[in-house]
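Asker: These protein sequence lines map, in sequence, to chains B and W.
The opening position of the first sequence corresponds to residue -15 in this note's numbering, with each subsequent residue numbered one higher.
The opening position of the second sequence corresponds to residue -15 in this note's numbering, with each subsequent residue numbered one higher.
Just so you know, the hints here were simulated from the structure itself, not pulled from any lab data.
Please note that a few of the clues may not be correct.
Given that identical chains are not distinguished, each listed pair holds provided it fits within a single copy or across any two copies.
Said to hold, decoys possible - DSS-like, lysine-lysine: derived pairs with alpha carbons at most 27 Å apart:
| hint | residue 1 | residue 2 |
| --- | --- | --- |
| 1 | LYS51 | LYS241 |
| 2 | LYS37 | LYS51 |
| 3 | LYS196 | LYS126 |
| 4 | LYS126 | LYS51 |
| 5 | LYS196 | LYS51 |
Number of protein chains: 2
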Amino acid sequence: MDCPGKLRELAEGMRDAGIDLVLLFDRDNVRYFTGFRLNRASSSILAVDRDGKPTYIVAQLDFERAKRECWIEDIIPFPEDTPNYLSVLEALLRGRVERIGVEKRCLTLVQAEYVRELFGNGVELVDVGGLVAELRAVKSEKELERIRHAAGIASRVMGEVLREARPGVTEAELVGLAEYLLRREGAEGSSFEPFLMSGEEAAWPRRVASGKPLREGELALLDMGAVYEGYCSDITRTFAVGEADRERKRIFAVARKAQEAALAAIRPGIRAAEVDRVAREVIEAEGLGKYFPHLTGHGVGVSIHEAPILDRGVDTVLSPGMVVTVEPGVYVPGVGAARVEDMVVVTRTGCEILTDAPRDLV
Amino acid sequence: MDCPGKLRELAEGMRDAGIDLVLLFDRDNVRYFTGFRLNRASSSILAVDRDGKPTYIVAQLDFERAKRECWIEDIIPFPEDTPNYLSVLEALLRGRVERIGVEKRCLTLVQAEYVRELFGNGVELVDVGGLVAELRAVKSEKELERIRHAAGIASRVMGEVLREARPGVTEAELVGLAEYLLRREGAEGSSFEPFLMSGEEAAWPRRVASGKPLREGELALLDMGAVYEGYCSDITRTFAVGEADRERKRIFAVARKAQEAALAAIRPGIRAAEVDRVAREVIEAEGLGKYFPHLTGHGVGVSIHEAPILDRGVDTVLSPGMVVTVEPGVYVPGVGAARVEDMVVVTRTGCEILTDAPRDLV
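Extracted from the complex, chain B is given alone in its bound form (with noise of 0.2 Å):
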């Protein structure tokens, strides 16, 4: 993960911003610059100095493993019954801090208390989130191994699960046999539970599964994905449940054709909202803009979900290394929903796809 790197460049936008230090709660955030892989219910925190120097608090209960296994020399663990936990940092960081770098879409205010509790109500808390997640968009060489395993992973692992669909198994078993099968195949884990949504109820897109049986005649889509050393992966294909009529056919074709129109639109310069006009064109033309309810895609690393976000509105400009998903989708009340997604990694002249399952109505 090239974590010294990161940290210095991470020190650098520190620098530019007058910050002294920053504490980086958000579990991604953690976890790209440690590396170190958390249970969810446990919680652990980043302080990184002026000069890139990282200090890690762990929970007890996680501290003999991070000693193990994680690359950060100052690793200092908190007690679970302290109501505050940040006491530790006290003696490292009282005294020289005026301005801390926090992810203010992350922070709480229990947290926010502990820090002005601990550093004095004088402290000016600021917001890093956008830095952290600029850093991040642009992935190295190492990260790309990871996520192109992940997307190896995922892509085998769809055409597994579709060759199970038929009339009768219902969402929830379909969603459960991937999750089987990703780690299977060597996952550490799903990089969001996988849904399967089926039948003219997925218009309204729940992005859940539930128990209901696939029928005959519907369309049915498979959102997944694998988690491979910390990196994430995400694919869906639709599929029809035996044969699909022609207004489902169409539905599926418009949301393949904007797919295919944003992947060829994507190259370093482009902004991002300019890809997802280019799908969004597509799907006007044929007359069901409106049935277009969300965003064009997403980048993907050590969250699901990370900048940039190919949307209207956002000026971010794709350059090589962001490695994002394109999944225009139409859902049509009716009728039933139709949508691919891929993941591309954006090169110096175009870019290149990740995920390689097959792409037709089968």
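Following the hints, complete the assembly by docking chain W onto the known chain B.
Answerer: For chain W alone, coordinates are given in the frame of chain B:
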């Protein structure tokens, strides 16, 4: 979920605390009152006024489905491209709100800024996290039905997964199998990412499954749970891969004995810390006290971890209808980990065990 009744109780608590409006952001709190299931990437907010009247604010993408599936009458969509998505509350609530109840452990700085922007900087944010947690701790009959069902699913799946445990199969594969079987048995999903920890390394409880294969003679521990109609279950079993030696059998026996003692202690009127003490004393009497590094148990409901917590220093008095886990564990470096976890409901005279897979070392 007896939602309107629970909202009336919340309104009573609000009156006592002089709170004009409650804004719930925590997804489990929101699901508790709304009964509405959302994808984890979706956010929604439940506003409750002085009379216990709810207004539910959901993303545009979830709006049609919420109108069809949620019991609440006032549902308002927020456009996902609005920076301050609370602005939809404006017409409804501005001008008569001085004290707003929020979950301080959950509300982020950005959300707090939105609230202040909307209601003015003079508005006082009061923590209602504890109030809601207290309401949720005692389960109704309807809630218990769902929890029983979730516990039944997890118990059956535990038995099935353990039958597949043999040398060579990886921790992650068995976790994947659990994910599959839970859904085949009717769960909407897992109550947390199941984990299996095997061998000597389990003495540093990492609480995530790895690609490590099981090996002859090791102890291994599987912790998992189902979600059924929004309610969680939680169960752990320890098993031996092949035949365990005397030392491993001993730490298992100590963990089991501590659990039995704690289970026997649970009854209305006992303090949470006292149940913990009973378990801890058994382990200490065997000279293994320092190898029990966590709490004895926790409440379970819509959240996998909720009130009451059974741990040192917790003064909560148990009462009928509370549902808790009992899971003292022993983690010995060079040997391995042993823990047996069951879920119980506190009854009028003691407790009733809800999970029922065989407990002996197999």
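Asker: Hint by hint, say whether it matches the structure.
Answerer: Now for the hints, and whether the structure bears them out:
1. LYS51 / LYS241: neither (50 Å within a copy, 32 Å between copies)
2. LYS37 / LYS51: within (17 Å within a copy, 51 Å between copies)
3. LYS196 / LYS126: Classified as between; 23 Å across copies, 41 Å inside a copy.
4. LYS126 / LYS51: For LYS126 and LYS51, the Cα distance is within 27 Å only inside one copy (23 Å; across copies 46 Å).
5. LYS196 / LYS51: So LYS196 and LYS51 pass the 27 Å test across copies only (20 Å; inside, 46 Å).
Comparing the model with each numbered hint stated earlier shows that hint 1 is the single one that does not hold.
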